[in-house]
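Undergrad: Adding 6 to a residue's 1-based position in the sequence shown gives its number in the working numbering.
In short, the hints are calculated from the structure, not lab data.
Cβ coordinates follow ideal geometry from the N, Cα and C atoms, glycine included.
Possibly wrong hints are sitting among the right ones.
[Unchecked claim] Below, simulated DMTMM-like cross-link-like pairs (lysine to aspartate or glutamate); rule was C-alpha separation at most 20 Å, straight line: (1) K153 <-> E45; (2) K16 <-> E45; (3) K61 <-> D81.
[To be verified] Now the in silico label distances, taken between C-beta atoms and shown as ranges: (4) Q195 <-> D64: 33 to 39 Å; (5) T53 <-> Q225: 17 to 23 Å; (6) R120 <-> D39: 34 to 40 Å; (7) I146 <-> R60: 32 to 38 Å; (8) S9 <-> P171: 40 to 46 Å.
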Amino acid sequence: MISKSKLVKKSLYKSFDKIGRPSCKSFLNELNDDLDFLEDINALIRTNDIFIKRKFNDIYEFSIYRNFIYGLIRDSRPSVVVETGVLHGLTSAWILKALEDNKKGRLISIDLPRRDWDKYFKGIQFGKEGDAELEIKNEIPGWVIPKNLKDRWELNLGPSQDHLPKVCAEQKYIDLFIHDSDHSYQTMQTECELVNKYHPESNIIIDDYYLNEYAFDFQKQIGKDMLEIKEINDSLKEVKGFAFFLNK
Numbered sequence: 007m008i009s010k011s012k013l014v015k016k017s018l019y020k021s022f023d024k025i026g027r028p029s030c031k032s033f034l035n036e037l038n039d040d041l042d043f044l045e046d047i048n049a050l051i052r053t054n055d056i057f058i059k060r061k062f063n064d065i066y067e068f069s070i071y072r073n074f075i076y077g078l079i080r081d082s083r084p085s086v087v088v089e090t091g092v093l094h095g096l097t098s099a100w101i102l103k104a105l106e107d108n109k110k111g112r113l114i115s116i117d118l119p120r121r122d123w124d125k126y127f128k129g130i131q132f133g134k135e136g137d138a139e140l141e142i143k144n145e146i147p148g149w150v151i152p153k154n155l156k157d158r159w160e161l162n163l164g165p166s167q168d169h170l171p172k173v174c175a176e177q178k179y180i181d182l183f184i185h186d187s188d189h190s191y192q193t194m195q196t197e198c199e200l201v202n203k204y205h206p207e208s209n210i211i212i213d214d215y216y217l218n219e220y221a222f223d224f225q226k227q228i229g230k231d232m233l234e235i236k237e238i239n240d241s242l243k244e245v246k247g248f249a250f251f252l253n254k
């Protein structure tokens, strides 16, 4: 029986071919050979019991999503990446690892910890599936990011509506924007349209795009190609994953 890792790798290779970046494949091979990075992540995972899986044997066990972002960053060599939504920080770690391996770029993250939600949005529910994500009490978002990767990281705590306008206005370029915060239509719309207003040249990724219709409305609005990239679940089935808007 074929393993999940092999299926993930095969799917990633197809996705890189679709966006015209086959060279991303070699960067994934480099990352998978970096055993120190994998052990750093595993060691941090073992510091608490938030993850059911206690040890990951290769990078492909961490999803298509994170590895797609790593390969894309290595190949496109961005100066500025902005993400909304950090939580434990696995995706942030993959981003920062790619920037460090490039010896170029920085990550600006915006995150509203779940425990602080009611301070800003009392009586308003998360977007779909938001309640399913668990955080560690009193833990700063990004606890699973290795210390040696944090020099390229800026973390802003609070709602994206408070921080993202300033980030967009202050940055000369935002090469890649990643939405992975509250997956409500309104939040997706506010974030993506703000980035597109200030930085129409940005590549944009919307994780869990299928939870509402915004990604499709956004695609019609901006006219960019949208690639729907599937994930592989633990049952080895293809499921909906994330959307990538490619700036030509």
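Undergrad: Does each hint hold? Answer for all of them.
TA: How the hints compare with the structure:
1. K153 <-> E45: 13 Å, holds
2. K16 <-> E45: Answer violated: K16 to E45 is near 24 Å, above 20 Å.
3. K61 <-> D81: Violated, because 28 Å separates the two Cα atoms, which is more than 20 Å.
4. Q195 <-> D64: 33 to 39 Å: For D64 against Q195, whose Cβ atoms are near 37 Å apart, the range 33 to 39 Å holds.
5. T53 <-> Q225: 17 to 23 Å: Once the Cβ atoms are compared, 41 Å apart, the range 17 to 23 Å for Q225 and T53 is violated.
6. R120 <-> D39: 34 to 40 Å: Check passed, 35 Å falls within 34 to 40 Å.
7. I146 <-> R60: 32 to 38 Å: About 22 Å separates the Cβ atoms of I146 and R60, which means 32 to 38 Å is violated.
8. S9 <-> P171: 40 to 46 Å: 44 Å, holds
Of the numbered hints given earlier, the model fails hints 2, 3, 5 and 7; all others are met.
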